[in-house]
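Trainee: Each chain, written out:
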Amino acid sequence: MMNMMRNEDLPQVQTRSKITAKNVQVFYGTTHAIKDLSIDIPDKNVTAFIGPSGCGKSTFLRCLNRMNDTISSCRVEGQIAIDGEDIYDPRVDPVQLRAKVGMVFQKPNPFPKSIYDNVAYGPKIHGLARNKAEIDAIVEGSLRKAALWNEVKDRLAAAGTGLSGGQQQRLCIARAIATSPEVLLMDEPCSALDPIATAQVEELIDELRSQFSVVIVTHSMQQAARVSQRTAMFHLGVIAEEGPTDKMFTNPDDKRTQDYITGRYG
Amino acid sequence: MPAAHTVTSYDDELRWLARRLSEMGGIGEGMVADAVTALVNADTGLAQRVISEDVLLDTAEREIYEKAVLVIAKRQPMASDLREIIGSIRIASDLERVGDLGKNIAKRVIAVHTMPQPKKLVRGLEHLAELALTQLKEVLDAFATRSPELANSIRERDEEIDAIYTSLFRELLTYMMEDPRNITACTHLLFCAKNIERIGDHATNIAETVYYVATGDQFASERPKDDDTVNVIATVPGV
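Residue numbers (our numbering), protein chains in the order written: chain G, 1 to 266; chain P, 267 to 505.
Bear in mind the hints are in silico, worked out from the structure with no lab data behind them. Predicted model, so just to flag it, every value in this text is computed and none were measured. Honestly, I wouldn't trust all of these hints.
[Said to hold, decoys possible] Here are the computed lysine-lysine pairs in the DSS-like style, where the Cα-Cα straight-line distance is at most 30 Å:
(1) P:K373 to P:K403
(2) P:K385 to P:K460
(3) P:K333 to G:K255
(4) P:K386 to P:K460
(5) P:K340 to G:K107
(6) P:K333 to G:K247
(7) G:K132 to G:K113
(8) P:K385 to P:K373
(9) P:K385 to P:K403
(10) G:K107 to G:K124
(11) G:K124 to G:K153
(12) G:K100 to G:K44
(13) G:K255 to P:K340
(14) G:K113 to G:K153
(15) G:K247 to P:K340
[To be verified] A short list of chain P residues far from chain G (calculated; beta carbon distances all over 10 Å):
(16) I355
(17) S359
(18) K403
(19) D407
(20) N418
(21) D445
(22) I449
(23) D494
(24) I499
By construction, the Cβ of each residue, glycine as well, lies at the ideal position given by its N, Cα and C atoms.
Okay, chain G solo, but in the shape it has when bound:
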C-alpha cells in the first residue's frame, strides 16, 4: 500500500529542465515519425511517455541518447539539449553521451559475461575507476542501488544470463547506472516481467529519481500513473498532451488522451 501512495506522498519536485527538445523531426527514409515535437523534461522526476503503438514514443526516447544514429535510414532534425548542451553537436561523442544517458530496454539483455563483469564493463571502458578496489566499489554500489546486491553478492562470478528475468532486468539497470548517468531512459522495462519483479523495478525507479531524471516508455497506464510525476501522451508523432500525471489520469484535457487511457482508442 505504501508503494501505491508514493505519487501523492511525494509530489512532483519542481526542478529545472534536464532535457529540452525543440522542434524535433525524425524521419525513417520517407516516413515522418516525429513531427515538430517540443518538450521540457524535468530533472529528478520520472516522466512517462504513453500512447498507442507506432506513435513515436520509443523513437523519441531513442533520440535522447542518439540510439537512432545506428539506423542508417534515420534522420533527426531540430534541437535536443541536456543541461543546455546540444547532444547532436558534431563535437559530442555518442559513446560519452550514452554513459551520461543510460538506457534500459524492454527485454533484459545482459552481456554473456559474469554478473560482476556486466556491471564493471561500462566503468572500465569509460575509465571511471583507477584500480580494482574502485571497480569493486562501483559494482557493489550499483547492484545495491538496483536492489540486487543481496541476491547476487555470493555469486558475482556466475553468468548474468543465469539469473531470473526480473533479476536480469535489475542487472541491466545496475549496468546502466554504473557509469553514473544523469538521465535514465527506460523502454518498457517491465513488459517481460511478472508482477512481483515489476513491483521491484517500480520501487527501484522511485528510488532512482532522487538522483536521476528518469524517462520511461510504458504501455501500462497503471504503471505510468504509479511511477511518474509527469506524463506525455504521444499520438501519430506529436505530443497530444503533457502534464502532471495526477491530472492526466483523472481529468485529461485532450480527447485523444481521454480515449486512449479509458480504452476507447481506435
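Given the coordinates of chain G, work out where chain P should sit on it, guided by the hints.
Mentor: Structure of chain P alone, referenced to chain G:
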C-alpha cells in the same frame, strides 16, 4: 455519453450501474412522495408500504457497491470512467439516505395524527416536499444527461428549500407555544420537515457529484447552505 469502449462488456457494466442508480432514484422519489401523502391524509396503510420499500434501496445500494468494486478491480478505470464509477458509489449512498428519510417520515404518520393538524402547517410541509422532490427528480435527470449546467442550477436552488424550512420551523414553534397539547404532533412534524430539508441537501450532494463526474472539477464556490433555524428563539408570551 462518450464513445464506446473497445471492450463492449465494459460499457455494459457502466450502463448497468447507471440503470440501477436511476431505478434507485425512482424508488426514492416514490417513497418520499408517498410518505408525505400518507402524512397529509393520515394514511397508515400507505405509510406501512413506504416503510417496507426501504429494503429495496438498501439492496440496490449494496449491489451498486459490489459491482463498482468489481469493475474497478477488473477494468482499472481511468479519467471519466473512474469518476463515473466513484460517482455512482456516492450517489447510491445519497439515494439510500433519501430512502431512510422517507421511511422516517412514514414512521411518524401515526404519532402525528394523534390529534388534528392545522391545515396551513400540512400545506407548508407539502410545499416543502414538492420543492425537494423537484430537486431530486431534476438531479436524476442531470445525472442521466451528465449535465453540469443543470447540476449547477439545482445546487443554487437549495437556498429556497432552506428558507421555507426555516419559516415552517418558526410556525411549528408558534403552535407549540399556543397550546402545549400541540407539542407531540408538532415535534414529529418538525422532524418530518427536517427530513425533507435533508432530502434537499442530498439532492445538492448528488448535483455536486454529477458536476464532478461530468467535468472533472469540483464546484468553484462553497455551496449556499445555511440552516437559519440555529438562530430561531421562541419567545414565550408574558415572560
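Trainee: Evaluate each hint against the coordinates.
Mentor: Outcome of the hint check:
Simply put, K373 of chain P and K403 of chain P have alpha-carbon atoms about 23 Å apart, close enough for the 30 Å limit, and the pair holds. This hinted pair checks out: K385 of chain P and K460 of chain P have alpha carbons roughly 19 Å apart, not beyond 30 Å. Distance check on the hinted pair: K333 of chain P and K255 of chain G sit about 27 Å apart at the alpha-carbon level, within 30 Å; holds. Pair hint K386 of chain P plus K460 of chain P holds up; C-alpha atoms about 17 Å apart against a cutoff of 30 Å.
Between K340 of chain P and K107 of chain G the alpha-carbon distance is near 27 Å, which keeps this suggested pair within the 30 Å criterion. For the hint pairing K333 of chain P with K247 of chain G, the CA-to-CA distance comes to about 26 Å; that is within 30 Å, so the pair holds. Only pairs whose Cα atoms come within 30 Å are accepted, and K132 of chain G paired with K113 of chain G is accepted, the gap being roughly 18 Å. For the proposed pair K385 of chain P and K373 of chain P, the alpha carbon gap of about 20 Å is at most 30 Å, so the pair holds.
For the given pair, K385 of chain P sits about 27 Å from K403 of chain P by alpha-carbon distance, which is consistent with the 30 Å threshold. Between K107 of chain G and K124 of chain G, the direct Cα distance comes to roughly 24 Å. Compliance with the 30 Å bound is thereby established for this hinted pair. Proximity of K124 of chain G to K153 of chain G is assessed by CA-CA distance (about 20 Å); at most 30 Å being required, the pair is judged to hold. With a C-alpha separation of about 15 Å, the suggested pair K100 of chain G and K44 of chain G falls inside the 30 Å cut-off, and the hint holds.
Proximity of K255 of chain G to K340 of chain P is assessed by CA-CA distance (about 23 Å); at most 30 Å being required, the pair is judged to hold. Straight-line distance between C-alpha atoms of K113 of chain G and K153 of chain G comes to about 16 Å, which keeps the hinted pair within the 30 Å bound. Distance hint between K247 of chain G and K340 of chain P is fulfilled; the C-alpha atoms sit about 22 Å from each other, no more than 30 Å. Remark: the non-interface label on I355 of chain P is consistent with the geometry, its nearest Cβ contact in chain G lying 16 Å away (cut-off 10 Å).
Chain G leaves S359 of chain P outside its interface by the beta-carbon criterion, the shortest separation being 21 Å against a cut-off of 10 Å. Residue placement check: K403 of chain P keeps its beta carbon more than 10 Å from all beta carbons of chain G (closest about 28 Å). D407 of chain P, annotated as away from the interface, keeps every beta carbon of chain G farther than 10 Å; the closest lies near 24 Å. Residue placement check: N418 of chain P keeps its beta carbon more than 10 Å from all beta carbons of chain G (closest about 18 Å).
The Cβ of D445 of chain P lies farther than 10 Å from every Cβ of chain G, with a closest approach of about 58 Å, so its non-interface assignment holds. Every Cβ of chain G is farther than 10 Å from the Cβ of I449 of chain P; the closest lies at roughly 52 Å, confirming the non-interface assignment. Every Cβ of chain G is farther than 10 Å from the Cβ of D494 of chain P; the closest lies at roughly 36 Å, confirming the non-interface assignment. Listed as outside the interface, I499 of chain P is consistent with that label: its C-beta sits roughly 46 Å from the nearest C-beta of chain G, beyond the 10 Å cut-off.
Going through the hint list in order, the structure satisfies each hint without exception.
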